[in-house]
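> So you can see what is in the structure, the chains are spelled out below.
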Amino acid sequence: MNAPFPSAAVPENAAVHDLEEDLGALVREDHVHRRVYTDPAIFRLEMTRLFGRAWIYVGHESQASAPGAWFTAEVGTQSVIIVRDEEGRLHGLYNRCTHRGPRLCSQPSGQGPRLSCPYHGWSFSHAGELLSTPLPAGYAESLRRGQYDLARVAQLQSYRGFLFVNLSRDAPDLLTYLGHMRTTIDDLVDRAPEGVVEASPVVLKHSYRANWKLTFENLNDTIHAGFAHHASILASGKVREAYGEENLSPSLRMMLANGKNLRFFQESEMVTEPFGHSYIGGHIGAKYSAPSMSSYVAQLEALHGPEKAEAVLRVDRHLMLLYPSSTWHGRYQTVRIVRPVAVDRTEVWGYVFKLKGAPPEVFRNAVEYCNGSTSGFSPVIADDLELYERIQQGNAFGEADWIPMARGLHERFRDDPAETRHPATSEAFIRNQMQAWKSFMTDPA
Amino acid sequence: MSTLDAVRDFLALEARLLDSGRYRAWADLYTEDCLYWVPIDPAQTDPYAAPSHVLDDKQLILARAERLEVPRHLSPEPAARTIHAVSNVVFEDLGDLAADYRVGSTLVCVEYRRRDYGEADQRTFAAQVSHGLRLEGASFRIAFKRVDLVNADAPFNAIAAPF
Chain A
3 MNAPFPSAAV PENAAVHDLE EDLGALVRED HVHRRVYTDP AIFRLEMTRL
53 FGRAWIYVGH ESQASAPGAW FTAEVGTQSV IIVRDEEGRL HGLYNRCTHR
103 GPRLCSQPSG QGPRLSCPYH GWSFSHAGEL LSTPLPAGYA ESLRRGQYDL
153 ARVAQLQSYR GFLFVNLSRD APDLLTYLGH MRTTIDDLVD RAPEGVVEAS
203 PVVLKHSYRA NWKLTFENLN DTIHAGFAHH ASILASGKVR EAYGEENLSP
253 SLRMMLANGK NLRFFQESEM VTEPFGHSYI GGHIGAKYSA PSMSSYVAQL
303 EALHGPEKAE AVLRVDRHLM LLYPSSTWHG RYQTVRIVRP VAVDRTEVWG
353 YVFKLKGAPP EVFRNAVEYC NGSTSGFSPV IADDLELYER IQQGNAFGEA
403 DWIPMARGLH ERFRDDPAET RHPATSEAFI RNQMQAWKSF MTDPA
Chain B
26 MSTLDAVRDF LALEARLLDS GRYRAWADLY TEDCLYWVPI DPAQTDPYAA
76 PSHVLDDKQL ILARAERLEV PRHLSPEPAA RTIHAVSNVV FEDLGDLAAD
126 YRVGSTLVCV EYRRRDYGEA DQRTFAAQVS HGLRLEGASF RIAFKRVDLV
176 NADAPFNAIA APF
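Chains as they are written, first to last, in the working numbering: chain A, 3 to 447; chain B, 26 to 188.
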């Protein structure tokens, strides 16, 4: 199928029904059409069919811990407020005044007895009920009780303190959606000596002029690392010559890890799951070897018992990609939210979590990891952002419409539909994402 | 020459090295125990209390410089060109900084990197900068540098050259 390529000049009202018959054909088992990354009409449909139906990670309960505290988050391109009421219950509300429609909360977080609109002073309870308007009598019958309460998101659920929103009532429950991937969230929380984690209020953000899916297709791609990050591997190698292997700082070790040989990745494991999720086994070799860490290990043994503590610390996973909204690193307590802004515009927001009761070095390591893996100033991330934009530019033209995603098509370590295991060099995680994409996008209901 | 004049000259030298792409020479201005910090939150005092745009020790500064100076590396090419304009140089309270002088300045940095996005290829950054300087012989070295961008809480696209 060689559908004419719709440029950015496709009119705003490009009819969805024209897309309808093409959508399913855009994803084959081992190829994807480049239009999936560049067509604004497809992006608009993703916001309702994918981001409107999948469980979207919005934040952690520690971001609104006190009564009346709230934070804002995006579900696709829609803004929502997560707010805690006086009884401690959390509510998810659309961040839009029901009168003239301005965004109610313009700050990332806040706290107050009610949510008030700055335009005409309409104010709402933490549960979203309209409490007061100026001159209520002037509205006569049109201001019926309940009619202008803030719209609530269909579902807001927590898994171990991590909050997910679903804009559809018909979605499978959160635990089904997370499946085996919940073990990465367990991995993060179980490392906290007091059993509690807390989000750092400072968020590290980068942005790029390309499609949101490119982040998901890059992060578990072990092959690109040695090529795309060649410059920082060579540069860190130079510094290693001067300082010696033992004296190398953790950030440089992470940059050098990208240069591991392909056989290492070929023997590592990639796990894919329904709904587009995946993770790969850790390759950074993240042990708690410093002597100062022995007290931390003892703390975890006291909490979990020695056997489970050992199991918790043994987990050495690299990134878990929770499609389509977030990426997770349990060992370095970093969660990143991928925010689609437009078909060719994306933001990534990085959050570091503090393990309550853990020594300061643990948080320091996490901060170093988050900086290196999330900052637009990071030599590694700068490479990735450059490539995302070149991909977006390149996929806008040319005779060839189909992007292959066939690497490792027939290589499996274990064939289990709920939890398939592949060599970490496989593009299975991309195929898996695109199959999930296809199944959300071709369902018109 | 007054000390303030000497400090001004030194900050001008640092800007000159960056603007002429001499990143290795720029890295040499930094002490072995240095910290180069671009925080997100202007109120933050402990560099390890939260994530940051940049939190470099000497090794990371060297790696950055090395990456930018070696030609034909895929993503840093074409190289960025910058103009660092430094002004409003004043002495600040040294506090508990392990340095001889703490110097505040205002930075306006124009960065150009050809990416074929037209005028969007040129960006402007503005920041309050604080240097912790140590006297070594007749010259200064940088033990600490903090760059507080006016838009530090914004999402940034790839930044090629240091501030």
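Some hints could be false.
As the list claims (entries may be wrong) - For lysine to any residue, the following SDA-like pairs were computed, each having C-alpha atoms within a straight-line distance of at most 20 Å:
1. Lys358/A - Tyr73/B
2. Lys83/B - Pro252/A
3. Lys240/A - Asp71/B
4. Lys240/A - Asp173/B
5. Lys240/A - Arg47/B
6. Lys83/B - Arg162/A
7. Lys83/B - Leu60/B
8. Lys83/B - Asn367/A
9. Lys83/B - Glu196/A
10. Lys358/A - Asp71/B
11. Lys358/A - Glu196/A
12. Lys240/A - Ser209/A
13. Lys83/B - Glu243/A
14. Lys83/B - Lys358/A
15. Lys83/B - Met256/A
16. Lys83/B - Gly239/A
17. Lys240/A - Asp53/B
18. Lys83/B - Gly246/A
19. Lys83/B - Ser251/A
20. Lys240/A - Gln84/B
21. Lys358/A - Arg162/A
22. Lys83/B - Leu250/A
23. Lys262/A - Glu243/A
Said to hold, decoys possible - Derived CB-CB ranges, DEER-like:
24. Asp71/B - Ala304/A: 21 to 29 Å
25. Ser111/A - Asp53/B: 40 to 48 Å
26. Asp53/B - Ser297/A: 35 to 43 Å
27. Ser297/A - Asp58/B: 22 to 30 Å
28. Ser45/B - Arg366/A: 29 to 37 Å
Stated by the list, open to error - Take a look, some chain A residues computed to stay more than 10 Å from chain B by CB distance:
29. Pro69
30. Val191
31. Asn373
32. Ile393
Because the hints were derived from the structure by calculation, they are not lab data.
Keep in mind that this is a model prediction, so the values were computed, not measured.
Note that CB positions come from ideal geometry on N, CA and C, so glycine has one too.
> State for each hint whether it applies.
Hint-by-hint comparison with the structure:
no., hint, result
1, Lys358/A - Tyr73/B, "16 Å, holds"
2, Lys83/B - Pro252/A, "12 Å, holds"
3, Lys240/A - Asp71/B, "30 Å, violated"
4, Lys240/A - Asp173/B, "30 Å, violated"
5, Lys240/A - Arg47/B, "17 Å, holds"
6, Lys83/B - Arg162/A, "39 Å, violated"
7, Lys83/B - Leu60/B, "7 Å, holds"
8, Lys83/B - Asn367/A, "17 Å, holds"
9, Lys83/B - Glu196/A, "35 Å, violated"
10, Lys358/A - Asp71/B, "18 Å, holds"
11, Lys358/A - Glu196/A, "6 Å, holds"
12, Lys240/A - Ser209/A, "30 Å, violated"
13, Lys83/B - Glu243/A, "14 Å, holds"
14, Lys83/B - Lys358/A, "31 Å, violated"
15, Lys83/B - Met256/A, "16 Å, holds"
16, Lys83/B - Gly239/A, "14 Å, holds"
17, Lys240/A - Asp53/B, "15 Å, holds"
18, Lys83/B - Gly246/A, "14 Å, holds"
19, Lys83/B - Ser251/A, "9 Å, holds"
20, Lys240/A - Gln84/B, "10 Å, holds"
21, Lys358/A - Arg162/A, "14 Å, holds"
22, Lys83/B - Leu250/A, "11 Å, holds"
23, Lys262/A - Glu243/A, "17 Å, holds"
24, Asp71/B - Ala304/A: 21 to 29 Å, "28 Å, holds"
25, Ser111/A - Asp53/B: 40 to 48 Å, "42 Å, holds"
26, Asp53/B - Ser297/A: 35 to 43 Å, "39 Å, holds"
27, Ser297/A - Asp58/B: 22 to 30 Å, "26 Å, holds"
28, Ser45/B - Arg366/A: 29 to 37 Å, "35 Å, holds"
29, Pro69, "25 Å, holds"
30, Val191, "20 Å, holds"
31, Asn373, "5 Å, violated"
32, Ile393, "13 Å, holds"
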